[in-house]
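> Please put together the full structure from these sequences, using the hints given.
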Amino acid sequence: MNLKKKNNKAWLLVLPVVIVVAFTAIIPLMTVANYSVQDVFSPTNRLYVGLDFFRQIATDPAIIAAFQRNLIFSTQILAIEIPLGIIIAKLMPRHGWKAAAALVIVAIPLVIPWNVVGTTWRVFARPDVGLLGVTINQFREFDIGNTPSDAWATMVMMDVWHWTPLVALLVYAGLRAIPDAYYQAASIDGASVISVFRFVELPKLRRVLMIALLLRFMDSFMIYAEPYILTGGGPGTATEVMSILLAVIAVIQFDLGKAAAFSLIYFLIIQIFSFIFFTVLTLDERPGSTKKRQKKVVASRRQGVKAKEGSA
Amino acid sequence: MTTQAISITRESKGGSYFDWKSWLFWLIMAVWSVPLLWLMSMSVRYNEDILSVFEIIPSRISFRGYIEFFTEPLWYGALINSLSYTTMNMVLSVAVALPAAYAFSRFTFSGDKHLFFWLLTNRMAPAAVFLLPFFQMYQALGLFDTTYAVALAHMLFNVPLAVWILEGFMSGVPRQLDEMAEIDGYSFGRFFLTVFVPMIRAGIGVTAFFAFMFSWVELLIARTLTGPNAMPLGVQMSTTSSAAGLDWALLSAAGVIAIVPGVIVIWFVRNYIAKGFALGRV
Chain G
0 MNLKKKNNKA WLLVLPVVIV VAFTAIIPLM TVANYSVQDV FSPTNRLYVG LDFFRQIATD
60 PAIIAAFQRN LIFSTQILAI EIPLGIIIAK LMPRHGWKAA AALVIVAIPL VIPWNVVGTT
120 WRVFARPDVG LLGVTINQFR EFDIGNTPSD AWATMVMMDV WHWTPLVALL VYAGLRAIPD
180 AYYQAASIDG ASVISVFRFV ELPKLRRVLM IALLLRFMDS FMIYAEPYIL TGGGPGTATE
240 VMSILLAVIA VIQFDLGKAA AFSLIYFLII QIFSFIFFTV LTLDERPGST KKRQKKVVAS
300 RRQGVKAKEG SA
Chain H
0 MTTQAISITR ESKGGSYFDW KSWLFWLIMA VWSVPLLWLM SMSVRYNEDI LSVFEIIPSR
60 ISFRGYIEFF TEPLWYGALI NSLSYTTMNM VLSVAVALPA AYAFSRFTFS GDKHLFFWLL
120 TNRMAPAAVF LLPFFQMYQA LGLFDTTYAV ALAHMLFNVP LAVWILEGFM SGVPRQLDEM
180 AEIDGYSFGR FFLTVFVPMI RAGIGVTAFF AFMFSWVELL IARTLTGPNA MPLGVQMSTT
240 SSAAGLDWAL LSAAGVIAIV PGVIVIWFVR NYIAKGFALG RV
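As they're listed, the protein sequences go chains G and H. In terms of numbering that gives the first Met the number 0, the first sequence is numbered consecutively and its last residue is 311. In terms of numbering that gives the first Met the number 0, the second sequence is numbered consecutively and its last residue is 281.
For the record, the hints were derived by calculation from the structure and aren't laboratory data. Among the clues, some could well be false.
Pulled a few chain H residues facing chain G out of the computed Cβ check, cut under 7 Å [to be verified]:
no., residue
1, F108
2, L119
3, M154
4, I265
5, R269
6, A273
Note that the structure is a prediction, hence the values are computed from the model and not measured. For each residue, glycine too, the CB sits at the ideal point set by N, CA and C.
Structure (structure tokens):
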């Protein structure tokens with residue numbers, strides 16, 4: 000009953016999308032690949048250099064440093080945003096106008112243009128006239144313009160402010176999808192708040208959490224506008240992430256080959272994570288997967304009860 | 000009946016349980032809104048005050064930023080530019096994505112999984128990767144520094160997004176509907192436009208919102224593809240912020256204005272916002 004019809008004429012329906020995306024993605028990517036293997040002096044004078052640029056990229060200390068910064072940044076914001084998002088989602092009201100109002104208020108940071116986020120935080124964090132800067136200055140020295148660690152902390156804080164709502168909304172949607180009967184069963188079993196979370200909610204939230212994790216990882220890996228406006232990559236290179244560096248190489252230094260090689264490597268990393276993301280997203284569209292998960296939930300609930308009995 | 004039973008068992012854990020939670024929630028939200036309130040307060044303060052006096056509640060108020068925004072062609076022109084390419088992009092993306100999403104939700108065809116995944120990779124691709132080729136391509140096409148260039152370029156991530164979200168919504172409509180329409184003698188085109196599209200209008204609205212939103216907040220591509228003629232609001236803001244002597248009041252006013260469209264529309268899509276951000280899969 001649920002089997003989709005096999006029909007290759009469906010390609011006609013997909014054709015417009017394929018054409019559009021070919022125009023906006025494939026042709027540009029081919030240009031990038033083309034540039035990455037040759038040194039362009041002028042449109043008529045170019046030299047084939049093979050994989051030289053890729054070698055340069057892999058050994059360029061500035062790029063390696065930017066890559067590490069990206070990794071550290073993503074790890075830090077995930078470590079803060081995921082737990083905080085879960086907490087906020089758990090606290091959000093579930094019924095009535097309050098629930099609607101809460102949804103809207105939580106979602107507001109997500110729809111703010113990225114450059115406005117940067118602009119706001121740029122003044123907000125100023126040590127002399129910004130609320131955040133002045134507040135922190137009461138306790139310890141804070142100078143976003145000169146102290147690298149302060150600039151970094153502000154960037155992390157800004158991202159947490161901007162994107163934790165995404166995690167909260169996803170988790171909230173996940174929590175709403177848990178049937179009341181589950182809670183009922185848990186309360187009959189006398190489960191505590193913690194074991195309800197651990198054995199009832201967490202298994203059900205696994206998929207939304209994976210989505211949140213991957214989305215936030217990929218987006219934070221590509222972050223550009225916010226740190227660009229907040230610090231411009233400074234002080235020094237303290238907040239210079241890969242996008243900022245790439246934009247500098249491509250648009251300001253106009254080093255086409257190097258920028259192209261860098262782009263391809265960058266794109267490849269994202270591809271790998273996209274694939275993991277895709278697998279997670281389409282998980283329950285595979286035959287048999289729902290049954291398996293239900294079994295798991297039942298098993299984990301039994302386990303929870305056992306654990307409860309064991310401790311009593 | 001069942002919900003009643005649960006609420007009794009939950010409340011029996013203590014009367015103050017619910018209050019404590021909602022107080023904490025609104026407290027967090029209050030902290031969360033501080034940067035935004037700060038932006039709003041900046042937009043009505045005097046420039047001299049912003050950079051010299053630290054005050055939480057402005058001592059004197061001026062709406063010069065807003066007045067200048069709406070009288071200076073450079074600024075309101077930038078707002079119009081932004082609105083025009085986001086709108087164009089939204090309409091095009093949804094129009095192109097509708098049939099494709101239908102195909103993905105209803106049929107299997109050779110290479111469908113690969114195509115679907117490949118679309119996703121474009122949504123996830125770092126914009127910085129496409130800067131250089133976009134710049135050259137649109138210059139060669141003579142579209143550089145027009146709103147069309149940005150509208151087209153943003154389809155890079157908005158078309159895949161639209162396909163994914165719409166597919167999520169369409170899969171919620173039972174396939175029997177299509178079969179019944181076929182038995183009733185509807186042609187595919189007539190069924191799609193007069194029965195199917197109206198049925199998923201909520202999904203289309205949400206998709207349009209997300210296409211609009213992601214085009215609205217994007218800066219890097221928009222900045223690369225525009226010069227003085229088609230300059231979007233975000234770029235206008237950042238060019239001002241790199242020049243000497245920043246007009247913070249005007250900048251903040253522009254920031255507040257740039258937030259307004261999003262905030263208004265959230266209300267209508269609040270229940271679908273998680274679904275949209277998760278590409279139609281929550």
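> The structure should be examined with respect to each hint, and the outcome stated for every one.
Do the hints match the structure? See the list:
no.: 1; hint: F108; in the structure: holds, 4 Å
no.: 2; hint: L119; in the structure: holds, 5 Å
no.: 3; hint: M154; in the structure: holds, 5 Å
no.: 4; hint: I265; in the structure: holds, 5 Å
no.: 5; hint: R269; in the structure: holds, 4 Å
no.: 6; hint: A273; in the structure: holds, 4 Å
The structure agrees with every numbered hint stated previously.
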